[in-house]
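Dock chain H against the given chain X, drawing on the hints supplied.
If you read the protein sequences in the order shown, they are chains X and H. Here the working numbering is used: position 471 in the first sequence is 471, and no number is missing along the way. Here the working numbering is used: position 23 in the second sequence is 23, and no number is missing along the way.
No lab work stands behind these hints: they were computed from the structure. All values reported here derive from a predicted model rather than from experimental measurement. There's no promise every hint is true.
If you want the footprint, here are the derived chain X segments under chain H, 3+ residues with CB under 8 Å [to be verified]:
id, region
1, 43 to 56
2, 60 to 69
3, 195 to 206
4, 248 to 259
5, 294 to 302
6, 328 to 336
7, 619 to 629
As a list, the in silico BS3-like pairs of lysine-lysine whose alpha-carbon atoms are at most 30 Å apart [what the hints assert, rightly or not]:
id, chain 1, residue 1, chain 2, residue 2
8, H, K60, X, K65
9, H, K60, X, K73
10, X, K658, X, K568
11, X, K73, X, K121
12, X, K690, X, K611
13, X, K446, X, K400
14, X, K690, X, K805
15, X, K72, X, K568
16, H, K60, X, K121
17, X, K400, X, K805
18, X, K345, X, K202
19, H, K60, X, K58
Yeah, the Cβ is synthetic: ideal placement off N, Cα and C, and Gly gets one too.
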Amino acid sequence: MSNENDPKPDGGTASHPEQDVTEFEDHPLEWDEPENNNLAPDERASVSQSAEKDDDPKLVTGQAKYTADYEKKFPDLAHAAVVRSDVPHGRVANIDTNDAEEMDGVHAVLTPWSDETPDAKYTSAGQSYPEPSPWDMNVLNEHVRYIGDPVAAIAADDAETARAAADAIEVEYEENDYVLDPEEAYSEDAPQIFGDDEVENKIVGHDYSRNRMSQIEGEIGDVDGAVDRDDVHVHETEWETIRQSHAQIEKHTTLAYTDEDDRHVLVTSTQVPNHTRRQLAHLFDIPIRDIRVSKPRVGGGFGGKQAMVVEPIPLALALAADRPVIYEATREEEFAGMRSRHPMKVRARTAVTDDGSIEAIDLYALSNTGAYGSHGMTVAGNVGSKPMPLYSKVPNARFKADIVHTNTPQTGAMRGYGAPQGTLALEGHLDEVARDLDLDPIEFRKRHYMEVGDLDEIAGMMGGEGAERRIRSCGLDECIERGMDAIGWGDIDQPDEEHRHRGIGMALSAQGTGVAGDELGAAQLMMNEDGSFHLHVGGVDIGTGADTAFIQIAAEVLGCPETDIVIKSSDTDVTPFDYGAYASSTTYISGMAVKKAAEDAKERILHWGSKLLEEPEANLETGDGEVYSEETGESVSLEEIGYEAAYGHDEREHILGKGTHCTEESPPPFAAQFADVTVDEETGEFEVNKLVVAVDCGVAINPGMAEGQVEGANHMSYEMAVSEGITFDDDGRSEVTSFGDYDWPTASETPTIESILVETHEPTGPFGAKSVAEVPTNTVPPALSNAIRETVGVRITDMPITPEKIRAALEDDE
Amino acid sequence: MQFSLTVNGESLDIEAAPDDDLASVLRREGYTGVKCGCDGGICGASKVLIEGSAEMACGKAVQEADGATIQTIEGIGSQDELHPIQQAFVDHFAVQCGFCIPGMIVQTKELLEETPDPTEAEVREAIDDNLCRCTGYQKPVEAILDAAARMNGDGAVATDGGTPSAPNACEGTERNGETNE
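Extracted from the complex, chain X is given alone in its bound form (with noise of 0.2 Å):
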């Protein structure tokens, strides 16, 4: 299998030939969109309202299950440990697992070589299916690539035993070289990490005998010819991004077992279940029916669970123990052994006129993957395909990436995606480019970014004919104008003492809202006799408020309250199938399969409301819980419905909704961020007073979940700004072991965010709705930068900003 020749950069793989394409092809601006789709604020029971979070009674009494508060449950759990390997690069000469197996309380000792060790290729990034990333990995390794590899692992009686097998497991290593500066890996006689027959599925752009896993490139237009004319000046910009943490709360957790029907089932915290049970059956050669992944509670993700981190070393040890095994991550595997952000330089040139018209943006980034290739083409294609979409205007746009491997844990998926990355070079270059030119750096982007019945060519640029988008709707002027005020643009106090001064810096971006025609999900309804509903969706809730999201759309829909739907979702024995959460995709795709299911279960409701009522179903409207006629004014209940439906003399039915939907669309988001700073030009120390972000995300389904989402994420960005990250040593040894080693910033730390919230209508989104959660991490970093240099003079392009940046940029300067 290959993905070689069908390289698609925003995540997906191919365009499905199954599919009718040819209907989006031409991009109407006027989108078919049902009128129910378009209600004015007034008409809107339960959308846009701020709806209690659906599990929020049982989070704030302790009462939430999350994957390890399943221990309780089975008596003989098995606690799992794994051994990692000790050195950057080499191969396991020896391993002596006699101690270990000696110990009481131990149930299993696996290896590489264990029967029940899967020895297939596979990679652990939750995509669609062939996934766009190589299969370069093992569950356990011989060839280990970073500190931290998977070696061995054990399950014993509790947590201690396993960790004290786990210790008593002697491994001797066969050492390699090793490469940890992604540069010095791109160079011909840097040590090669892989060897060309330990990758299958190889990606586009693969060069392993220089470390690169791939290479994209796409361009619209003439860039070099744009670059090389008489009557443009040419800048160019360097920048370089953090290696951030997840760091969600909980851990990564997996409990499995083998049911009494012989069925394997996963309780574990994931954001992508269906892609998991697909990758184990891979791995383990079991059917994908007998695979049952159930996600609990989880106690966020980020990216960092949109893959299959640790799920298959359980499933291993349960095999093999032949009793239920858990495996809960140490906080330091957390940091050393699980998925980062890539950590990223990123080039950024522009051609730009005397009078300020941009002729051509070429951005280049060079990707530090680390020591597996997991979503690293994908990632790499949108630090292009989300922000240079924005100036949308450019005729001339080019973006290139070469991916590279280094003996460092392995990267992966992470709110943003690229996009933070890319926003970061994009809207600092810009900013640096309007103050040569000596042009208001919002009007100089005013010129050039998108707006409603602009053909986005850009993002169709890495994805060939007819991946370009159409945009129907786009809130960015009201952005800026609510951010600046907010801000205090133009408009703000400078400090009494002469060596501190203060200044404010903007920055823009745009996202996408799912990944374009690479996408399913699915729901269905179930009504109760008594009027009230189950819910079931594939879409996955991993603490974003999304089972509240798709209660209120459904609830909209159904004309019931909130509270008469119940939602199970993620269950993959239960809940229809699911891409699962990730590029933005939740409320759109999963949301839109959920309005479908109701506007089904709807129809049949209407039905039977027709027959009580004695009017024809043209007539009639649900709402307040209630059939109604428009007409007569004469209703019937949700629940007299449900027990005719159930229990009627001349005709009966259960009635059932059902929803699935995928779309070419992939409508972007925007947002405006503001940050208001003081610098101390002597020590150059800085103070950031306040940051708001004004985020157009069409129409809210529940606008308190979505301002937490905007300023969760802008908390995020807001850490790429002046956090250090994961840093290692020179031995390539991770030097943040624990959250006491990882500088981010708490709530002291934390300046206010103040979140806005700009309505427009997505006619391509349920309800209006477009994504919220990621545009928001992208934009603190070049505000930031930017309010820096505004205030003091200095250009800070390597993140994080600190006072030592600052004081020496500032002694350079003098």
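Same frame as chain X, now just chain H:
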């Protein structure tokens, strides 16, 4: 060894090794609202009130707590009868994944008992070792300030994040006060 604890008003005799951490012991006894996020006294998810003082249970050996009166999140309000702090967290959308929330609510309870009318800076300082990855702390801080207002009977201070109903919230306080504290 045998240890005795009073947890949420109930006397428990527990068999444990002396250096077993209190969070694991409480979780074994079914108090799974006590969360473990860090392996060692840093993230704040395991906070419980020990003799009224908010402490990370994962950083404390059970023998150090022998004989102590402990309140966990399970002892602060119930789903049908939320404590005003819990109600404020719900109303302000201060909860996303919820994993850090039990510890944060426990910490808030200590704060508001000692400082009924805290400033925003005092709130941020109080939850400085309650790590949260979801919220950016903005809505939890707003919720805590509003909870203080509600518990002081000053419903007018409620901010735009929720739909607080001050009189009911105050009744809730009193009922919870009798049954859960």
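Hint by hint, here is what the structure shows:
Counting residues of the region 43 to 56 of chain X whose CB falls under 8 Å from any CB of chain H gives 5; the rule of at least 3 is met. Residues of the region 60 to 69 of chain X lying with their CB closer than 8 Å to a CB of chain H number 9, which satisfies the three-residue condition for coverage. Look at the region 195 to 206 of chain X against chain H: 0 of its residues bring a Cβ nearer than 8 Å to a Cβ of that chain, fewer than three, so the hint is violated. Counting residues of the region 248 to 259 of chain X whose CB lies closer than 8 Å to any CB of chain H gives 4, so the stated coverage by that chain holds, three being the minimum.
As drawn, the region 294 to 302 of chain X meets chain H at 5 residues by the rule of a beta-carbon pair under 8 Å; at three or more, the given contact holds. Given as covered by chain H, the region 328 to 336 of chain X passes the check, having 3 residues with a CB less than 8 Å from a CB of that chain where 3 are the minimum. Given as covered by chain H, the region 619 to 629 of chain X fails the check, having 0 residues with a CB less than 8 Å from a CB of that chain where 3 are the minimum. A threshold of 30 Å between alpha carbons decides the hint, and for K60 (chain H) with K65 (chain X) the separation of about 24 Å falls inside it, so the pair holds.
Restraint check for K60 (chain H) and K73 (chain X): satisfied, since their Cα atoms lie roughly 26 Å apart, inside the 30 Å limit. Taken as a hint, the K658 (chain X) and K568 (chain X) pair is honoured in the structure, with Cα atoms around 14 Å apart against an allowance of 30 Å. Proximity of K73 (chain X) to K121 (chain X) is assessed by CA-CA distance (about 33 Å); at most 30 Å being required, the pair is judged violated. Distance restraint check for K690 (chain X) and K611 (chain X): the Cα-Cα separation of roughly 59 Å exceeds the 30 Å cut-off, and the hinted pair is therefore not satisfied.
Using a Cα cut-off of 30 Å, the hinted pair K446 (chain X) and K400 (chain X) holds, with the two alpha carbons roughly 25 Å apart. For the proposed pair K690 (chain X) and K805 (chain X), the alpha carbon gap of about 21 Å is at most 30 Å, so the pair holds. Taken as a hint, the K72 (chain X) and K568 (chain X) pair is honoured in the structure, with Cα atoms around 22 Å apart against an allowance of 30 Å. Restraint check for K60 (chain H) and K121 (chain X): the C-alpha separation of about 43 Å exceeds 30 Å, so the hint is violated.
A threshold of 30 Å between alpha carbons decides the hint, and for K400 (chain X) with K805 (chain X) the separation of about 29 Å falls inside it, so the pair holds. A C-alpha spacing of about 24 Å is found between K345 (chain X) and K202 (chain X), which places the hinted pair at or below 30 Å, so the restraint holds. A C-alpha spacing of about 26 Å is found between K60 (chain H) and K58 (chain X), which places the hinted pair at or below 30 Å, so the restraint holds.
Checked against the numbered hints above, the structure violates hints 3, 7, 11, 12, 16; every other hint is satisfied.
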